[in-house]
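**Student:** Sequence:
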Amino acid sequence: MARAGVQEVAFRIRRWWVRLSLGIGAALGGLLLLWGYPHVRAVLVRSSSLRAEDAEATLARIPLLPSSMRADLGVRYLYDPAVFDPSRALEHLQRAVRESPFDYRNWMHLGQGYEAAGDRARAEAAYRQAIASAPGYFLPHWLYANFLLKHGEHERALEAFARAARIHPEAVANIAALLQHEERIAQLARLVPEADVRARLCAFLLSRGSLSEAVSLWRDLEWGEKAKFGLARLMIARGIGTEQYALARALWCALGQRLFGRAACSDDLAWNGGFELAPLREMVPALSLSMLGMSEEFAVPDRDFDWRIEDEAGVLTRIAREEPYEGERALRIEFTRHENVRFSGVTQLVLLRPAAVYEVRFAYKAEVRGDPRVVVEIVGARRGVPEENDVLFQWSLPREAGRTGWTLVHEVFRTAPETSLVLLRIRRVPADALADFVKGRLWFDAFSIRPIGEGARLEEMGTS
Numbered sequence: 170m171a172r173a174g175v176q177e178v179a180f181r182i183r184r185w186w187v188r189l190s191l192g193i194g195a196a197l198g199g200l201l202l203l204w205g206y207p208h209v210r211a212v213l214v215r216s217s218s219l220r221a222e223d224a225e226a227t228l229a230r231i232p233l234l235p236s237s238m239r240a241d242l243g244v245r246y247l248y249d250p251a252v253f254d255p256s257r258a259l260e261h262l263q264r265a266v267r268e269s270p271f272d273y274r275n276w277m278h279l280g281q282g283y284e285a286a287g288d289r290a291r292a293e294a295a296y297r298q299a300i301a302s303a304p305g306y307f308l309p310h311w312l313y314a315n316f317l318l319k320h321g322e323h324e325r326a327l328e329a330f331a332r333a334a335r336i337h338p339e340a341v342a343n344i345a346a347l348l349q350h351e352e353r354i355a356q357l358a359r360l361v362p363e364a365d366v367r368a369r370l371c372a373f374l375l376s377r378g379s380l381s382e383a384v385s386l387w388r389d390l391e392w393g394e395k396a397k398f399g400l401a402r403l404m405i406a407r408g409i410g411t412e413q414y415a416l417a418r419a420l421w422c423a424l425g426q427r428l429f430g431r432a433a434c435s436d437d438l439a440w441n442g443g444f445e446l447a448p449l450r451e452m453v454p455a456l457s458l459s460m461l462g463m464s465e466e467f468a469v470p471d472r473d474f475d476w477r478i479e480d481e482a483g484v485l486t487r488i489a490r491e492e493p494y495e496g497e498r499a500l501r502i503e504f505t506r507h508e509n510v511r512f513s514g515v516t517q518l519v520l521l522r523p524a525a526v527y528e529v530r531f532a533y534k535a536e537v538r539g540d541p542r543v544v545v546e547i548v549g550a551r552r553g554v555p556e557e558n559d560v561l562f563q564w565s566l567p568r569e570a571g572r573t574g575w576t577l578v579h580e581v582f583r584t585a586p587e588t589s590l591v592l593l594r595i596r597r598v599p600a601d602a603l604a605d606f607v608k609g610r611l612w613f614d615a616f617s618i619r620p621i622g623e624g625a626r627l628e629e630m631g632t633s
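Residue numbers for the sequence shown follow the working numbering, so the first one is 170 and each next one is one higher.
These aren't lab readings, by the way, just hints derived from the structure by calculation.
This one's a predicted model, so the numbers in the text were calculated from it and none came from an experiment.
Beta carbons are placed, not taken as given, at the ideal position from N, Cα and C, and that holds for glycine.
Heads up, a few of these hints could be off.
[Said to hold, decoys possible] Between beta-carbon pairs, the in silico distance windows are:
(1) 454 x 586: 37 to 43 Å
(2) 487 x 459: 31 to 37 Å
(3) 524 x 573: 31 to 37 Å
(4) 323 x 557: 48 to 54 Å
(5) 393 x 491: 37 to 43 Å
(6) 485 x 422: 28 to 34 Å
(7) 415 x 508: 21 to 27 Å
(8) 470 x 325: 39 to 45 Å
(9) 429 x 325: 42 to 48 Å
(10) 362 x 289: 29 to 35 Å
(11) 573 x 508: 41 to 47 Å
(12) 323 x 558: 46 to 52 Å
(13) 479 x 415: 23 to 29 Å
Using the sequences and the hints given, assemble the complete structure.
**Tutor:** What follows is the structure, given as C-alpha cells:
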C-alpha cells in the first residue's frame, strides 16, 4: 500500500521591493493607528459630554459612528433642559432606528421623542415596536403603560401594567402607586394571577391602610404560598393598630384553624388558655414589608391574639409539663431574683363586646415565700396598648398562698361602653417599702373568658 508523505511548505519573498513595500505599509498602518486612536477616543468622550453641540460636530466629522451615540444625543435633546429640542431629537432617533432597527432601546427613545413632539399615533407605534423587539423586557412595557395612562386609556394601561408586573414583580409597588385607586389595583390583581404579584399588592394596600381590600386579595392566595401566613400576621397587626378588631379577629380565626386543625374562635374568648398549643410566632415566621418591596416606615408593631410570654430581669417564664391543672402543660413563673422584682411578661389581647358581662376563670398553684404581689388583670387596650386607668378586672395572689395545690378562680367583670379590645396579663409590681422580698415559683393554667347573662351574676359582681 502506498503511503502519502507530508512535506513542509515555506514561502519566501525574494524580491527586495516587495519586502520594502510591506514594511512601509506596516509602518503607515501603525502611524495611522497612533493618530486615529486619540481622535476616536475624543469622539467618544465628547459625544457623551453635556454639550450637545460638541456631539453634533463630532458626528458631522465622523458620520459612521454607532447608532447608540445618535440615540444618546437624541435623548439628550429630549431631557436636557438646556438643549431641549424635540425636532432635533427625532432627527437623531429616527436615524438610529434606521441604522439599528432591531435594538428595542432605539424604538423606546423614538417613542419618547414622538411623545414629546405631540405625535401620539407614531409614539404608540414606536412603543409597540419596542415591545415586539424585546417582549420579555420590563422597560418597554412600563413606558408603554405610562404612555397609555397619561392619555386616559386606563383599561389598556392596566393590561400593559399587568404584562410588566409579570416580567418584573419587584416593580409592583411602583405600578400600584401610579394606579392609586384601590379599585384599579384590584383590577390589576385579577389580570395577574401570579401569587408573588398578589402578595406584593397586598403589602402595598396594607401600607396605605386599605385593610379590607388587602384581605380580599389575600383570600385568593393559596395556603401553599409562603407569603400567605406571613401576610396574615401583618394584616392582623394592622387591624389591631387601626381598630378594625373584628376583621383582625376573623383573620386570626382563619389562621388558627389552618395551623391547628380546629375552630380558633368559640365561646371561649381566651386563646390557648391551657397553653397546649405552640405560639404562633414559632409556627409562622415574621414577614417584613421590605421583603415585598415596601418601605418599613409603613410597618406596625407586631400584635395578635396569642400569648406573649417573655422573660424579664429576675423572672423566668416557660411552658412546663409539671402536673398541670388540666391537659398536659401549664405556665410556670420562677423568681430568680428576690428583691424589687417587677414583671409583666405574660399578656394576651382579647376581643370582647362593649358593655357586656363576662366570666373569667383560671387555675393557679404556688410555692412562694415573701410577699408575692402577683396579680391577674384585664385592662382596656385600645389599638393593643394597655390603658392603665381602665382596669376592668384585678385578682391578687393571696399573701398566705405559701405552698398550695391547684386552686380554681371564678370571677365576673363588665366591659366599659367604649371598650372592646382588652389585655389579659399576669404581672408583679414591687412594694414601696424598702424590704420587698419574693422567692419561689407559680403555675397558671386553664384560662377562660366567656360571656354570661345579666342574671344573678350581676349581683355577685356588685358585691365582689
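**Student:** Taking each numbered hint in turn, which are not upheld by the structure, reported in ascending numerical order?
**Tutor:** 7, 11
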